[in-house]
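In the working numbering, the protein residues as written are 3 to 303.
Think of the hints as simulated: they come from the structure by calculation, not from any bench. The C-beta atom is built at its ideal place from N, Cα and C for all residues, glycine as well. Misleading hints may appear alongside valid ones.
Said to hold, decoys possible - Listed next, with one range per pair, are the computed distances between beta-carbon atoms:
#1 Asp-107 x Leu-131: 43 to 53 Å
#2 Ala-254 x Tyr-57: 39 to 49 Å
#3 Tyr-258 x Ser-33: 43 to 53 Å
#4 Gly-96 x Arg-50: 39 to 49 Å
#5 Pro-124 x Ala-91: 11 to 21 Å
#6 Leu-131 x Ser-33: 16 to 26 Å
#7 Asp-52 x Thr-288: 34 to 44 Å
Claimed, not checked - The list that follows gives simulated cross-link-like pairs (lysine to aspartate or glutamate, EDC-like), each with its CA atoms no further than 16 Å apart:
#8 Lys-11 x Glu-108
#9 Lys-11 x Asp-26
#10 Lys-8 x Glu-20
#11 Lys-11 x Asp-107
#12 Lys-11 x Glu-39
#13 Lys-8 x Asp-19
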Amino acid sequence: MAPGDKVTKLGHVQFGDELLLGPDTPYRWRSLSGWEELPALDSGSVNRSDGHGSYPGRLLAQARTITLDDVIVRAPRGTIGAVVRALNAATALGDAEQPLVIWLDERGPLLSFARVLRRAVPVGNGYRLGTVTGAALQWEASDPRRYSLIEQQTETALPAPEPGLDWQVIPGPERLLYPIDFGTPGSTGALRAVNDGDAPAHPTITLHGPVSLPSVTNLRTGEVIEYDIDLAADDELAIDTREGTVTLNGTASRLYTATARSAPEQLFTLPPGATSLVFRAAPGSTDPRASASLRWRSAYW
Numbered sequence: 003m004a005p006g007d008k009v010t011k012l013g014h015v016q017f018g019d020e021l022l023l024g025p026d027t028p029y030r031w032r033s034l035s036g037w038e039e040l041p042a043l044d045s046g047s048v049n050r051s052d053g054h055g056s057y058p059g060r061l062l063a064q065a066r067t068i069t070l071d072d073v074i075v076r077a078p079r080g081t082i083g084a085v086v087r088a089l090n091a092a093t094a095l096g097d098a099e100q101p102l103v104i105w106l107d108e109r110g111p112l113l114s115f116a117r118v119l120r121r122a123v124p125v126g127n128g129y130r131l132g133t134v135t136g137a138a139l140q141w142e143a144s145d146p147r148r149y150s151l152i153e154q155q156t157e158t159a160l161p162a163p164e165p166g167l168d169w170q171v172i173p174g175p176e177r178l179l180y181p182i183d184f185g186t187p188g189s190t191g192a193l194r195a196v197n198d199g200d201a202p203a204h205p206t207i208t209l210h211g212p213v214s215l216p217s218v219t220n221l222r223t224g225e226v227i228e229y230d231i232d233l234a235a236d237d238e239l240a241i242d243t244r245e246g247t248v249t250l251n252g253t254a255s256r257l258y259t260a261t262a263r264s265a266p267e268q269l270f271t272l273p274p275g276a277t278s279l280v281f282r283a284a285p286g287s288t289d290p291r292a293s294a295s296l297r298w299r300s301a302y303w
């Protein structure tokens, strides 16, 4: 199922595939924290030894903590147990992160990947009547960025020349036969990715053979990823730039094939805005079946 497939209204919060909170559900909430705030930061700044202040260092975001407070659970009398049980089942402890989608305003829903840290369901006098007040849920997202629901994709083949004009011989004086057939346009090997957010996005890159020494260059940042590997026609090399993994055909790691000029995968990002990239290979590697594809989501702080 697609993340956020149940989110249809302002105020909806969906966790995983099943749990939906907000309007027209048994779970209403009044307060949300940690979603619009910047996450906590680790600062690489170093104090000056000979003056006031410090030398600015890199700022790295910590995990994002998201909390729903003042949650009200309501159910028909005699069914509150089933409603609470469904909430408990959907927010059970687990190591794996699940999609967390929140729709606050006219900007539309945003996606995070998180796991439950805390669930509080106070039991008071209204419980037997079908009402729980003051409940709370808390999640932690190891990746502090929030993402668009729509995953974008672009693909290209290796550069190939255009065939040019298709000349046709016609009896009589030499002339062109209209309409003119310029042939199928050649590939430029170029890719264009647009990150509409305000945070860098990590793309997933997939390289298909047959190709030797495949590389992708980010023309905006100058970063290159390149692998000293020969891919056959049915081979697929998947590069996860967030996790820093390089996998051949879904199983075998090929991280060690990165060349000396290849940047660390986790530094290969799409900054906010438009980014141009190019797909290249070893001289003589020109098979039109070879391709490179990018998948990414716009990222937000």
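Restraint status (C-alpha distance of Lys-11 to Asp-26 at most 16 Å): Within the cut-off at roughly 9 Å; holds.
Range agreement (Cβ of Arg-50 with Cβ of Gly-96, hint 39 to 49 Å): 46 Å, holds
Hint consistency between Lys-8 and Glu-20 [alpha-carbon to alpha-carbon, up to 16 Å]: Distance of about 8 Å is within 16 Å: holds.
Status of the given 43 to 53 Å range, CB of Leu-131 versus CB of Asp-107: 34 Å, violated
Outcome of range test on Cβ distance (Tyr-258, Ser-33; 43 to 53 Å): Hint holds: Cβ distance 49 Å, inside 43 to 53 Å.
In this structure, is the beta-carbon distance linking Ala-254 and Tyr-57 contained in 39 to 49 Å? 43 Å, holds
Restraint check for Lys-11 with Asp-107, where alpha carbons must lie at most 16 Å apart: Answer holds: Lys-11 to Asp-107 is near 9 Å, not above 16 Å.
Using the C-beta atoms of Leu-131 and Ser-33, is the stated range 16 to 26 Å upheld? Holds: the Cβ-Cβ distance is about 24 Å, inside 16 to 26 Å.
16 Å limit on alpha-carbon distance, applied to hinted pair Lys-11 and Glu-108: With a Cα-Cα distance of about 10 Å, the restraint between Lys-11 and Glu-108 holds, given a limit of 16 Å.
Agreement of Lys-11 and Glu-39 with the hint, judged by alpha carbon distance not exceeding 16 Å: Roughly 22 Å separates the two Cα atoms, so the pair is violated.
Can the restraint linking Lys-8 and Asp-19 be considered satisfied, given a maximum Cα separation of 16 Å? Answer holds: Lys-8 to Asp-19 is near 8 Å, not above 16 Å.
Can you let me know if the beta-carbon spacing of Pro-124 and Ala-91 is within 11 to 21 Å? 19 Å, holds
Checked against the numbered hints given earlier, the structure breaks hints 1, 7, 12 and satisfies all the rest.
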